[in-house]
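Order-wise, the sequence lines are chains A and B.
One rule links them: number in the numbering used here = place in the first sequence (from 1) + 7.
One rule links them: number in the numbering used here = place in the second sequence (from 1) + 7.
The set of hints was computed from the structure by calculation and includes no laboratory data.
Just so you know, not all the hints are guaranteed correct.
Since the list gives no way to pick out one identical chain from another, each pair is judged satisfied if it fits inside one copy or across any two copies.
As a list, the in silico EDC-like pairs of lysine to aspartate or glutamate whose alpha-carbon atoms are at most 16 angstroms apart [unchecked claim]:
| # | residue 1 | residue 2 |
| --- | --- | --- |
| 1 | Lys197 | Asp155 |
| 2 | Lys194 | Asp77 |
| 3 | Lys87 | Glu71 |
| 4 | Lys210 | Asp62 |
| 5 | Lys142 | Glu65 |
| 6 | Lys194 | Asp155 |
| 7 | Lys86 | Glu96 |
2 protein chains.
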Amino acid sequence: MKSIALDVMGGDYAPCEVLKGAKSTLDDEDIKLYLVGQEKEVKDCLDKVGFKHYDKIEIVDAPEVVTMKDTIISYLRGKKKSSIKIALELVKNGEADGMFSAGNTGAVMVNAKFILEPLEGIKRPALAVIFPTQKGESVILDVGANADCKPEHLFQFAVMATIFSEEILGKKNPSIGLMSIGEETLKGNKLTKEAFKLLSNSKLNFKGNIEGHVIHQGIVDIIVTDGFTGNVALKVAEGMAENLYGHFKNTLTRNILHKLGLLLLWSGLRKLKKKLDYSEYGGAILLGVKGVVVIGHGRSRVKAIKNGLLTTKKMIEKEVYQKISERIKEVNIGG
Amino acid sequence: MKSIALDVMGGDYAPCEVLKGAKSTLDDEDIKLYLVGQEKEVKDCLDKVGFKHYDKIEIVDAPEVVTMKDTIISYLRGKKKSSIKIALELVKNGEADGMFSAGNTGAVMVNAKFILEPLEGIKRPALAVIFPTQKGESVILDVGANADCKPEHLFQFAVMATIFSEEILGKKNPSIGLMSIGEETLKGNKLTKEAFKLLSNSKLNFKGNIEGHVIHQGIVDIIVTDGFTGNVALKVAEGMAENLYGHFKNTLTRNILHKLGLLLLWSGLRKLKKKLDYSEYGGAILLGVKGVVVIGHGRSRVKAIKNGLLTTKKMIEKEVYQKISERIKEVNIGG
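Sequences are here, hints too, so could you generate the full structure?
Structure below.
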């Protein structure tokens, strides 16, 4: 039976909401969960949520908690007994097959790179996110692991995302777009112009530059970008989706017909908001480290926690990181 | 009477839609327009749209047209008699007080930098856009003039946007945010970390980093970023707004109540789409060159053309570029 180390202390609604997610997952799935967190808190919450699957869990005490306010120095050098570090160590030691956390994204990424280490040949692990498009689902990476990138990093992101897309989304020979500011070859910044050359000269299914206003159309399966641009793009989209309610309220409630229409649409709007919201899609996946690491949105509720655990399970079963490790040895790039 | 050189050939619906915009503007405004374009086409369209204000216009023949497919080499070195170049030369020669084009953004920017030249002391002209927020309007720059920036460029963008925001949006001591990927000082890429220091040590009303998901909340009056990131952010937001109809159609039409609700909301949705769509807001303004240059969205219709001309007029009347020229001499920065 595969096992996942779950950071019970991570997320805005931890630990009880995380444990509800664990319960919901174990209702359907045959996996073992290491519940990593402050033991007393965990036990109290298990009682509260009417937890049943005691045969499928093991509580691992982690006395320290990383919060959203922790700085990189505090969570990397300090807090040696945080739930994030202990969960990662369970993966490192081979006790767990993967880890999931809805906690501080920076803390999970940095500690994962340090504890699990990058795969041999991978210059920079990257954070990938699945997002909804008009045609289905696409992957965008990096969305925040590397604020400054070199062209060869972007090339490796494309290699990793190709395997991820094949294994997790079941796409054959997934197409790749390079996020840029014009469709032509010559447009972009120094980074994308060089990355364009590397991608063009590779065997990857590279389709050229892609601009921000078409990423939701599903024109390509994979969008490659540096972690700074990817993070900004993702958050702008997230902000638009989040503000949809607000925009509707502000714009449409001065007219009685609009009010009635809005009332009728309310449940649909909720659905649309979820559709546009990548955080419902099972979290962000750290690709390129020696192990499976999935990071949920801080505001994850039961369903998002469950989706995150399911993504983690699938990453384990499909042996994605092992396949990335093999493929990266095969591709030769300069730099 | 102030005068504007209007690129009649620029935009997806040029020249007739542009001339309708000119007509609508001259119905209300006391300005002179140089109608720059292929003379015969212009005259034919003037007849078609029932143009009246012949006392307020002068047709300037420009036999060549820059299209969206033209490359930087073709529109910079070639097409010497394009409507864009001739309109800019009218500004350069002092015949027109400013120019407006809904044509190829790259061609307008590059030719403006070459023909009008940057203001003394300005290292890089930048493209600014006014966008709607929950609290009113904010300015974001650079949205595409400079794909690669240095920290001192971002600092100058902040200075230029401060004057723009004061003069055009009537804001006192406008607040400035630096687009980044975390609120903390230490987060960001190399560029933003250095720019953060310059902005912090200045007399500008700098509020720190701002993340992509809150730009629509109107937390700050000005958002400073490099032209690559700014362009991606703007286009992602644009894509979301454009796709709103599509998303609604796809998500909400399976339920009869939703269908009815959508029907009632239809006119409101159109309103919301416009509210979220920066292209309705009078175009992008090229700050930092010796003259007034405003660029409309390619798909500009009558109202957007008119708004663009009104922005151009206001830029002229408020003497924004002259004030930027004065202020930039006062601020001392390294680099």
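Hint check results:
Taking the shortest alpha-carbon separations for Lys197 and Asp155, both the intra-copy value of 12 angstroms and the inter-copy value of 7 angstroms come in at or below 16 angstroms. When the C-alpha separation of Lys194 and Asp77 is checked against a cutoff of 16 angstroms, the pair qualifies only between copies, where the shortest distance is 13 angstroms, while the shortest distance within a copy is 39 angstroms. With identical chains, the CA atoms of Lys87 and Glu71 are at most 16 angstroms apart within one copy only, with a shortest distance of 8 angstroms there and 68 angstroms across copies. In this assembly of identical chains, the alpha carbons of Lys210 and Asp62 never lie at most 16 angstroms apart, being 47 angstroms within a copy and 63 angstroms across copies at closest.
Taking the shortest Cα distances, Lys142 and Glu65 never come within 16 angstroms of each other, neither inside one copy (41 angstroms) nor across copies (49 angstroms). Proximity of Lys194 to Asp155 under the C-alpha cut-off of 16 angstroms is restricted to the inter-copy arrangement: shortest distance 11 angstroms between copies versus 19 angstroms within a copy. Taking CA atoms no more than 16 angstroms apart as the test, Lys86 paired with Glu96 passes inside one copy only; the shortest distance there is 14 angstroms, against 64 angstroms between copies.
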